[in-house]
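What follows is each chain in one-letter form.
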Amino acid sequence: MGRTIIDKLWSEHRIADLGDGTSLLYIDRIFLHERTGSIALKSLEDQGRHVRNPEQVFCTMDHIVDTTPGRGDATRVPSGTDFIKTTRTAAHAAGLNLFDLDDDRQGIVHVVSPEQGIAMPGVTLVCPDSHTCTVGGIGALAWGVGSTEAEHALATKTLVVKRPATMRVSFDGQLPYGVTAKDMILHLIGKYTASGGVGYAIEFAGTTITALPIEARLTLCNMAVEFGAWTGVVAPDDKTFEYVKGRPYAPKGEAWDRATEHWKSLVSDSDAEFDREIAIDVANIVPQMTWGTSPQHEAGIDQRVPDPRNEPDANRRLSMERALEYMNLEPGTPLEGIPIDAAFIGSCTNSRLSDLRNAAKVLKDRKVAPGVKAICVPGSSQVKLAAEAEGLDRIFTEAGFEWRESGCSMCFFAGGESFGVEERVVTSTNRNFENRQGPRTRSHLASPTTVAASAVLGKLADVRKLEPQE
Amino acid sequence: MEKFTRLKAIAAPLLRINIDTDAIIPSREIKRVSKLGLSDGLFAGWRYTEPGGRAEDPGFILNRDPFRQAQILLSGLNFGCGSSREHAVWALAEWGIRSIIAPSYGGIFYANCARNGVLPVILDNDTVEELARQISENPEQHLIEVDLVERTVTAPDGVLHSFEIGSADREMLLEGLDAIDVTQKRDDEILAFQSRDRLRRPWIYL
Ligand code: SF4
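Chains as they are written, first to last, in the numbering used here: chain F, 53 to 522; chain R, 7 to 212.
Simulated from the structure, these hints should not be mistaken for laboratory data. No experiment lies behind these values; they were computed from the predicted model shown. Hints may be right or wrong, so weigh each one.
[Stated by the list, open to error] In silico DMTMM-like pairs for lysine to aspartate or glutamate, Cα to Cα no more than 25 Å straight-line:
no. : chain 1 : residue 1 : chain 2 : residue 2
1   : F       : K60       : R       : E151
2   : F       : K137      : F       : E469
3   : F       : K214      : R       : E136
4   : F       : K243      : F       : D359
5   : F       : K214      : R       : E195
6   : F       : K304      : R       : D203
7   : F       : K60       : F       : E294
8   : R       : K9        : F       : D98
9   : R       : K9        : F       : D72
10  : F       : K316      : F       : D327
11  : F       : K413      : F       : E388
12  : R       : K37       : F       : D134
13  : F       : K297      : F       : E107
14  : F       : K94       : R       : D184
15  : F       : K60       : R       : E8
16  : F       : K60       : R       : D203
17  : F       : K214      : R       : E156
18  : F       : K511      : F       : D289
19  : F       : K214      : R       : D203
20  : F       : K214      : R       : E146
21  : F       : K243      : F       : E388
22  : R       : K14       : R       : E151
23  : R       : K191      : F       : D98
[Claimed, not checked] A few chain R positions that, by computed beta-carbon distances, are all more than 12 Å from chain F:
no. : residue
24  : S45
25  : A61
26  : N69
27  : Q140
[What the hints assert, rightly or not] Covered, in the sense of this in silico footprint (three residues per stretch, anywhere, with C-beta under 8 Å from a C-beta of chain F), are these stretches of chain R:
no. : region
28  : 32-40
29  : 88-102
30  : 147-160
All C-beta atoms in this analysis are idealised placements derived from N, C-alpha and C, irrespective of residue type, glycine included.
Work the whole structure out from these sequences, hints included.
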């Protein structure tokens with residue numbers, strides 16, 4: 053029987069079979085950030101342990117750093133500076149590759165890692181951060197771990213991992229106008245729930261995936277964890293190779309030829325069998341919008357807020373009721389037209405150059421609606437520089453968006469800056485959990501173009517109804 | 007790491023689905039680079055009436071007797087989904103929770119539990135609801151016994167339910183092992199892998 057891409061990546065990194073479906077896996081690369089990396093490094097040091105291969109360990113500052121222009125080590129998050137300084141000292145002491153605040157390689161870990169060629173096809177990469185699965189979009193086997201497991205990976209270059217079941221999600225057809233990778237993954241989660249992928253490693257495949265640019269594949273895999281999956285991966289292809297080529301940590305010369313030769317084998321065999329298969333025809337997907345406090349609480353923008361009374365499952369009904377109360381929404385309200393207070397474009401899901409370009413197409417020669425606070429935070433310093441080089445920053449600022457330094461910013465609330473209490477935010481991020489973007493803030497997840505269109509109209513909007521500006 | 011073998015203790019039912027780690031410990035409650043001092047922030051958004059405040063919400067289960075002394079938590083599907091922050095487990099453990107019983111878990115959270123002496127038990131949804139029902143209907147009967155040696159849960163009414171757990175996780179919990187120590191015994195194998203792999207995939211080695 054043929055082997056899936058997941059089988060291949062797994063066996064390539066297996067050092068020992070520990071029985072019971074558990075393996076000792078070799079970890080090629082480790083990424084850290086100041087929020088959770090700090091504690092892993094400190095704890096390792098306290099135990100007198102060493103980082104095994106520091107040259108393969110990377111660290112960035114993204115979670116707590118301030119994103120207002122002219123920032124330094126000072127943070128709005130109480131005691132945030134302590135996280136930054138602890139990380140810096142520990143990273144230097146351990147000899148890691150550190151992308152510090154003043155380094156133009158700094159940015160959100162999952163944006164930086166493919167950008168610098170650290171995440172590549174076929175590598176195993178872990179980070180104490182749940183969205184590490186993002187770089188599955190480039191054909192890496194990458195997953196989020198806790199701090200203790202990060203310490204294990206740092207000290208031994210390995211992890212003890214129970215083999216996940218395999219799932220193939222096939223998206224086929226041509227994406228309709230206004231529909232993006234973000235809408236695809238929200239649609240999947242809405243249909244199969246936020247725990248639909250628990251216990252699985254997922255290969256995203258099909259004609260739609262083949263046609264997706266790399267950055268869109270990263271968006272798609274980013275939210276595999278929101279589907280409950282252990283990770284998601286897209287088989288590397290010519291587009292992937294083209295994306296990786298020439299990046300700072302990518303192989304060069306003869307090594308490049310050998311690497312690509314190898315990467316071509318990292319595809320599922322035609323007779324490979326998955327434990328579960330899901331097929332989705334993208335023709336039926338419309339721009340998506342969440343209405344509740346779990347990514348599974350979502351619907352097409354042309355739909356209404358659902359009525360919990362129609363939900364047969366008692367647990368889901370309860371969670372819907374709680375969500376509607378938190379979101380202050382009445383069943384039956386059309387999603388399109390719900391007034392908003394703020395709009396946010398950023399996060400490891402949707403803050404790459406293509407995301408900003410797409411949003412800028414909507415914003416060009418338009419203005420953010422009066423009273424709407426609109427913020428754009430590029431995913432990395434590289435993205436910011438590239439966007440500024442082509443004038444995207446001016447389109448954003450002229451429309452009324454704030455233009456910031458890169459970082460996680462208001463994707464999550466750590467005690468510093470936030471959206472206001474009970475403010476309604478349309479956001480290109482990945483989590484609409486209670487209090488995620490601020491105390492009692494109400495978050496609606498959507499694609500960057502939908503966020504841009506909503507910012508312009510001052511309400512949740514159907515981007516398909518706004519003419520794009522060329 | 008603290009060992010886990012058997013525990014008979016008060017169980018608190020918190021049967022919501024998709025309880026995420028942001029809810030278990032909000033980011034704003036993670037104030038220092040430390041694994042300690044987190045129990046105060048456990049479920050802060052639900053436990054206290056105001057964000058950042060400390061006035062207890064009497065409606066929240068862990069603010070009520072006898073559940074203030076709970077060492078077992080019953081919960082719904084996909085407990086601990088979301089952010090990888092291990093602080094969620096550290097906060098639960100510091101507060102006093104030694105075992106969780108739920109139909110499924112966020113994957114990273116599950117792995118974090120086993121590495122911190124907290125036993126994540128998987129029982130099907132109907133069973134978890136039945137346990138919760140027994141506790142709610144008869145508050146005198148709020149004791150559940152979790153036995154990792156036998157891999158069983160004894161309900162308040164005495165009925166036994168078995169559960170499964172990976173042998174590596176089970177052994178780590180039973181023995182209170184440090185996973186790094188265990189792996190470091192395989193150092194030769196790791197080094198041998200690296201030298202083979204360096205020939206096969208030289209581009210990986212910076
Ligand atoms: S952007 Fe948001 S989701 Fe992504 S790593 Fe940062 S905090 Fe996490």
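Going down the list of hints, with the structure as the test:
1. Note on F/K60 and R/E151: the hinted pairing is violated, with a Cα-Cα distance of about 42 Å set against a maximum of 25 Å.
2. Restraint check for F/K137 and F/E469: the C-alpha separation of about 20 Å stays at or below 25 Å, so the hint holds.
3. For the proposed pair F/K214 and R/E136, the alpha carbon gap of about 30 Å is over 25 Å, so the pair is violated.
4. Between the alpha carbons of F/K243 and F/D359 the distance comes to roughly 16 Å, so the proposed pair stays at or under 25 Å and holds.
5. Between F/K214 and R/E195, the direct Cα distance comes to roughly 19 Å. Compliance with the 25 Å bound is thereby established for this hinted pair.
6. For the hint pairing F/K304 with R/D203, the CA-to-CA distance comes to about 18 Å; that is within 25 Å, so the pair holds.
7. Using a Cα cut-off of 25 Å, the hinted pair F/K60 and F/E294 holds, with the two alpha carbons roughly 22 Å apart.
8. Between R/K9 and F/D98, the direct Cα distance comes to roughly 22 Å. Compliance with the 25 Å bound is thereby established for this hinted pair.
9. At most 25 Å may separate the alpha-carbon atoms for a hinted pair to count; R/K9 and F/D72 meet this at roughly 21 Å.
10. Of the supplied pair hints, the one linking F/K316 and F/D327 holds, its CA atoms being roughly 24 Å apart against a limit of 25 Å.
11. Taken as a hint, the F/K413 and F/E388 pair is honoured in the structure, with Cα atoms around 20 Å apart against an allowance of 25 Å.
12. Note on R/K37 and F/D134: the hinted pairing holds, with a Cα-Cα distance of about 9 Å set against a maximum of 25 Å.
13. Of the supplied pair hints, the one linking F/K297 and F/E107 holds, its CA atoms being roughly 21 Å apart against a limit of 25 Å.
14. Pair hint F/K94 plus R/D184 holds up; C-alpha atoms about 17 Å apart against a cutoff of 25 Å.
15. Only pairs whose Cα atoms come within 25 Å are accepted, and F/K60 paired with R/E8 is rejected, the gap being roughly 37 Å.
16. A distance of roughly 15 Å separates the Cα atoms of F/K60 and R/D203; the hinted pair therefore holds under the 25 Å criterion.
17. Annotation: proposed proximity of F/K214 to R/E156 holds, straight-line Cα distance about 21 Å (limit 25 Å).
18. Among the hinted pairs, F/K511 with F/D289 is inconsistent with the structure: their alpha-carbon atoms are about 39 Å apart, more than 25 Å.
19. At roughly 22 Å between alpha-carbon atoms, F/K214 and R/D203 fall within 25 Å of each other, so this suggested pair holds.
20. For a cut-off of 25 Å, the pair hint linking F/K214 to R/E146 is broken: about 39 Å separates their Cα positions.
21. Between F/K243 and F/E388, the direct Cα distance comes to roughly 20 Å. Compliance with the 25 Å bound is thereby established for this hinted pair.
22. Simply put, R/K14 and R/E151 have alpha-carbon atoms about 4 Å apart, close enough for the 25 Å limit, and the pair holds.
23. Our distance criterion of 25 Å between C-alpha atoms is met by R/K191 and F/D98, whose separation comes to about 21 Å.
24. Every Cβ of chain F is farther than 12 Å from the Cβ of R/S45; the closest lies at roughly 16 Å, confirming the non-interface assignment.
25. Even its closest Cβ contact with chain F, about 15 Å, leaves R/A61 beyond 12 Å, as expected for a residue assigned away from the interface.
26. With 12 Å as the threshold on Cβ separation, the claim that R/N69 sits away from chain F holds: the shortest Cβ distance comes to roughly 18 Å.
27. Non-interface call for R/Q140 relative to chain F: holds, since the shortest CB-CB distance, roughly 18 Å, exceeds 12 Å.
28. Counting residues of the region 32-40 of chain R whose CB falls under 8 Å from any CB of chain F gives 8; the rule of at least 3 is met.
29. Counting residues of the region 88-102 of chain R whose beta carbon lies closer than 8 Å to any beta carbon of chain F gives 6, which meets the minimum of three for the stated coverage.
30. Taking a C-beta to C-beta cut-off of 8 Å, the region 147-160 of chain R contributes 0 residues in contact with chain F, too few for the three needed, and the coverage statement is violated.
Comparing the model with each earlier hint shows violations of hints 1, 3, 15, 18, 20, 30; every other hint is respected.
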